[in-house]
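*Asks:* Spelled out, the chains give:
Number of protein chains: 2
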Amino acid sequence: MSLQQAGFPAIYAVNPKYTDVFGIPCYPRVSDIPGVVDYVIVGIPAESALELLDDCAVKGVRAVQFFTAGFGESGITERAELEQTMLDKARQGGFRIIGPNCIGLFVPKSRLVNAGSGPMEPGPVAFISQSGGHASFFPADGGPRGLRFSKVVSYGNGLDIDDSELFHYFASDPETEIIAAYIEGVKDGERFKAALREAASRKPVVIYKGGTTGAGLRAARGHTASLTSSVDVFKALCRQVGAIQVDDFDELIDVLVALRFASPRPQGTGVALVGAGGGPSVLASDEIEKVGLYMPPISRETKEELLQFLPLAGSILTNPIDAPTLATSQAIGPTMRVLSRLPEVHILIYHLGFHPIGGLGGGRFASPDFLEPTIDAMKKVWQESGKPIVLAVRPGLSMEAMKEFLAIQEAFVNAGFPVFHSLRQAAVAMSRLVAWSETRRSVPGES
Amino acid sequence: MSLQQAGFPAIYAVNPKYTDVFGIPCYPRVSDIPGVVDYVIVGIPAESALELLDDCAVKGVRAVQFFTAGFGESGITERAELEQTMLDKARQGGFRIIGPNCIGLFVPKSRLVNAGSGPMEPGPVAFISQSGGHASFFPADGGPRGLRFSKVVSYGNGLDIDDSELFHYFASDPETEIIAAYIEGVKDGERFKAALREAASRKPVVIYKGGTTGAGLRAARGHTASLTSSVDVFKALCRQVGAIQVDDFDELIDVLVALRFASPRPQGTGVALVGAGGGPSVLASDEIEKVGLYMPPISRETKEELLQFLPLAGSILTNPIDAPTLATSQAIGPTMRVLSRLPEVHILIYHLGFHPIGGLGGGRFASPDFLEPTIDAMKKVWQESGKPIVLAVRPGLSMEAMKEFLAIQEAFVNAGFPVFHSLRQAAVAMSRLVAWSETRRSVPGES
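Just so you know, the protein sequences line up as chains A and B, in that order. Each residue of the first sequence is one higher than the last, beginning at 0 in numbering that gives the first Met the number 0. Each residue of the second sequence is one higher than the last, beginning at 0 in numbering that gives the first Met the number 0.
No wet-lab data here; the hints were simulated from the structure. Nothing here was measured: the structure is a model prediction, and the numbers come from that model. Check the hints yourself; a few may be wrong.
Unchecked claim - Anything over 10 angstroms on all C-beta distances counts as not near chain A; from chain B, calculated:
1. Ala-56
2. Val-232
3. Ser-298
4. Thr-327
Said to hold, decoys possible - Under the rule of at most 30 angstroms between Cα atoms (straight-line distance), these lysine-lysine pairs were calculated in the BS3-like manner:
5. A:Lys-234 with B:Lys-289
6. B:Lys-289 with A:Lys-186
7. A:Lys-289 with B:Lys-234
8. A:Lys-289 with B:Lys-289
9. A:Lys-289 with B:Lys-186
10. B:Lys-378 with A:Lys-302
11. B:Lys-289 with A:Lys-192
12. B:Lys-108 with B:Lys-234
13. B:Lys-202 with B:Lys-186
14. B:Lys-302 with A:Lys-186
15. B:Lys-202 with B:Lys-378
16. A:Lys-202 with A:Lys-289
17. A:Lys-402 with B:Lys-402
18. B:Lys-192 with A:Lys-289
19. A:Lys-58 with A:Lys-88
Don't be surprised by glycine CBs; every beta carbon is placed ideally from N, CA and C.
The whole structure should be built from the sequences, with the hints applied where relevant.
*Replies:* Below is the structure:
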């Protein structure tokens with residue numbers, strides 16, 4: 000079966016030395032290709048870029064993506080000038096440039112993939128990334144958490160198509176419901192602000208800004224030739240337009256998971272925490288309140304209600320609710336039901352496997368005897384209460400624990416739950432979601 | 000082979016219903032045991048505690064550890080009073096109580112283990128833990144990072160033997176060089192302060208204080224009946240006596256790894272960061288400078304030196320040093336050597352596998368072709384420079400990545416390197432170490 004028969008667009012290789020590459024027909028120049036050429040992916044040395052672009056203009060291609068690096072980001076003046084000449088050629092030739100110094104596009108619907116891998120089933124999340132590494136790994140990192148993607152765009156030095164244009168595009172892209180971005184620096188502040196404002200007024204926008212310290216800024220400059228802007232200015236801008244700013248790449252994925260699966264959106268900051276383990280419960284409570292969420296203490300009546308099916312010895316019944324039996328399926332449903340009915344509780348968090356070694360790994364939590372009734376019970380409470388329920392499960396650091404973790408994650412993700420890899424991550428993501436939802440509610444006509 | 004022949008102390012079971020348990024001889028009461036009894040581990044209901052203690056006094060035992068919970072921490076007045084009667088009985092009977100509501104001791108040298116598991120080879124780290132979960136998992140969590148343990152003590156409600164007594168004990172225990180502690184609350188502030196001061200003046204002390212928020216405090220009270228003290232007071236106390244306070248359990252392990260293996264102690268805050276990946280390098284730089292470490296920019300001359308063996312295209316040569324070839328063994332040694340000679344660099348960090356999916360998993364970094372020459376080269380630079388070298392390697396979230404991660408971790412740990420599971424964790428731990436070392440240097444006669 001040819002690649003075309005497998006649903007991929009026609010692919011041609013270009014190299015003067017070969018006539019075929021991995022069975023793909025190969026031509027000396029782009030202009031020698033017999034069919035129509037929409038999209039050119041470039042991996043030749045920077046020195047040959049201009050000649051190639053002339054050829055692309057002749058052929059009438061629509062877009063050229065430069066994987067090739069060593070342009071403006073190298074800090075060499077001639078290379079920065081070369082970039083400008085490339086841009087002139089694109090304008091004259093009537094085509095667009097993506098990059099240079101980028102990994103290109105991941106568009107599952109078109110079966111167009113870059114260096115990375117990820118779910119080929121399309122979905123509502125778009126990602127704009129100044130880093131090729133982040134762009135190529137993003138679908139693979141987000142996929143197992145249930146995220147699916149419309150378009151992932153790595154734009155590198157952003158010579159022609161840049162962040163602003165991409166925000167503008169995704170604001171009205173019907174296939175995109177949530178916009179994520181990794182930004183190192185912004186070249187035209189006013190244009191960026193307008194595009195970000197447009198996007199954030201129409202869809203949830205989550206931004207991870209890299210380069211927030213002296214060394215980070217220097218690295219960003221060397222990475223994608225970014226004229227990085229002041230950290231405080233960027234933060235103020237996000238707040239002003241209603242975009243969610245996150246502190247690192249993992250948090251970007253976490254907040255997307257919260258936006259996508261913590262539904263309905265939480266109506267307040269009240270968290271009920273359920274799980275087994277005293278030390279972990281203390282730590283978890285601290286993590287939750289540190290980020291501005293609130294764990295309302297439960298009343299004597301609620302405690303009495305819980306004691307009908309939870310033991311006294313070895314338990315903490317104050318919110319957090321920790322009991323040895325909360326690692327069994329029978330106790331989880333009734334416990335969550337009682338807590339979900341409290342008006343001061345807006346979010347329920349269940350945690351599993353706090354310790355990296357030994358927290359998981361016995362295989363018990365991956366067994367259908369545990370997973371199926373637990374998930375069924377939690378889904379019922381979710382539906383009855385209309386309050387988001389979140390799982391925090393720690394990937395353990397052994398082969399056995401990883402196997403168990405992957406089975407737990409898959410089952411909860413398939414059931415539609417937001418899954419986080421630590422209590423801290425769950426708390427941070429949910430606090431971002433709550434803060435953002437509150438901003439939305441204050442805007443008339445938004446939800 | 001009997002347990003005794005296998006090196007374990009004589010073990011007897013006590014239960015009126017059986018004559019043997021798993022092949023271990025079983026007696027109706029402690030006083031029926033024919034041999035000498037040093038240590039009693041109790042798992043009977045709280046209601047029978049007093050009767051048991053009377054029997055222990057008759058038998059002349061030395062210590063009684065109560066796994067049994069449901070005492071003061073339950074919030075029930077009669078149960079708190081029961082605890083006090085137990086203490087009276089211990090004082091009269093001339094024996095000590097550990098707990099109640101605790102998991103007991105892990106002492107590899109005596110082959111005494113609690114609910115957890117861990118390396119049975121003894122080592123210099125002691126752990127004092129108010130949480131049984133933390134105490135039982137601590138050796139398992141720290142073991143693969145190279146930590147070895149003298150004594151791990153879970154003391155639960157701390158009825159008789161408490162945190163203060165344990166700090167005092169470990170301050171002069173010849174088998175202990177580093178003292179770690181998990182504390183939820185302190186009952187006698189002045190006594191605790193004196194014991195902590197004594198310990199911290201003689202050995203590095205690292206404390207994770209649980210219960211730093213409203214909910215955390217409440218949970219701690221329900222967990223181990225702790226009268227938790229003000230967070231600020233605790234922080235001030237640690238600073239005053241020179242103990243290192245950490246923010247969570249993972250950070251506790253991380254700082255112990257830094258104390259144990261980042262040698263010689265760093266002489267300043269200057270970090271050189273080496274690894275492949277632009278996005279990760281930007282993030283890593285931010286993580287490092289956020290915690291108060293400093294990444295000195297490199298000079299034009301150093302950059303020229305690096306360009307003798309690193310490529311220009313796709314690289315960031317500013318500190319961070321990111322180059323595609325820095326994921327190959329050949330480039331790592333010379334790069335690290337150049338950086339280690341800079342007087343403004345005090346710590347070298349090498350990072351691998353930033354992304355949870357795809358960062359590791361190809362198996363390449365676990366192959367001896369990569370690991371052996373890389374570790375050899377890094378060890379040489381370490382020895383020549385006398386500056387600590389640190390590995391940050393991210394455990395990936397797939398079976399393949401976990402396998403690769405475990406092989407990498409094992410090889411670096413066996414070679415004596417401090418290994419951290421993320422750049423953030425490496426940065427935080429090293430910054431704690433630097434801050435603590437500076438305090439030490441300011442005290443005459445300390446190193």
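*Asks:* Next step is simple, just say for each hint if it's right about the structure.
*Replies:* Tested hints:
1. In this structure Ala-56 of chain B is separated from chain A by more than 10 angstroms, as the shortest Cβ-Cβ distance comes to about 25 angstroms.
2. Against the 10 angstroms criterion, Val-232 of chain B stays outside the reach of chain A, whose nearest CB is about 16 angstroms from its own CB.
3. Its beta-carbon lying about 13 angstroms from the closest one in chain A, Ser-298 of chain B satisfies the requirement of being farther than 10 angstroms from that chain.
4. With a least CB separation of 17 angstroms from chain A, Thr-327 of chain B remains clear of the 10 angstroms interface cut-off, as annotated.
5. For the proposed pair Lys-234 of chain A and Lys-289 of chain B, the alpha carbon gap of about 16 angstroms is at most 30 angstroms, so the pair holds.
6. Taken as a hint, the Lys-289 of chain B and Lys-186 of chain A pair is honoured in the structure, with Cα atoms around 24 angstroms apart against an allowance of 30 angstroms.
7. Annotation: proposed proximity of Lys-289 of chain A to Lys-234 of chain B holds, straight-line Cα distance about 16 angstroms (limit 30 angstroms).
8. Of the pairs offered as hints, the one joining Lys-289 of chain A and Lys-289 of chain B holds, with about 18 angstroms between alpha carbons and a cut-off of 30 angstroms not exceeded.
9. Note on Lys-289 of chain A and Lys-186 of chain B: the hinted pairing holds, with a Cα-Cα distance of about 24 angstroms set against a maximum of 30 angstroms.
10. Proposed proximity of Lys-378 of chain B and Lys-302 of chain A is contradicted: the alpha carbons are some 57 angstroms apart, above 30 angstroms.
11. For a cut-off of 30 angstroms, the pair hint linking Lys-289 of chain B to Lys-192 of chain A stands: about 26 angstroms separates their Cα positions.
12. The suggested pairing of Lys-108 of chain B with Lys-234 of chain B is violated, with an alpha-carbon distance near 34 angstroms, which exceeds 30 angstroms.
13. Proximity of Lys-202 of chain B to Lys-186 of chain B is assessed by CA-CA distance (about 23 angstroms); at most 30 angstroms being required, the pair is judged to hold.
14. Only pairs whose Cα atoms come within 30 angstroms are accepted, and Lys-302 of chain B paired with Lys-186 of chain A is accepted, the gap being roughly 26 angstroms.
15. Proximity of Lys-202 of chain B to Lys-378 of chain B is assessed by CA-CA distance (about 27 angstroms); at most 30 angstroms being required, the pair is judged to hold.
16. Between Lys-202 of chain A and Lys-289 of chain A the CA atoms are separated by roughly 28 angstroms; this keeps the pair inside 30 angstroms, and the hint holds.
17. With a C-alpha separation of about 11 angstroms, the suggested pair Lys-402 of chain A and Lys-402 of chain B falls inside the 30 angstroms cut-off, and the hint holds.
18. For the proposed pair Lys-192 of chain B and Lys-289 of chain A, the alpha carbon gap of about 26 angstroms is at most 30 angstroms, so the pair holds.
19. A C-alpha spacing of about 13 angstroms is found between Lys-58 of chain A and Lys-88 of chain A, which places the hinted pair at or below 30 angstroms, so the restraint holds.
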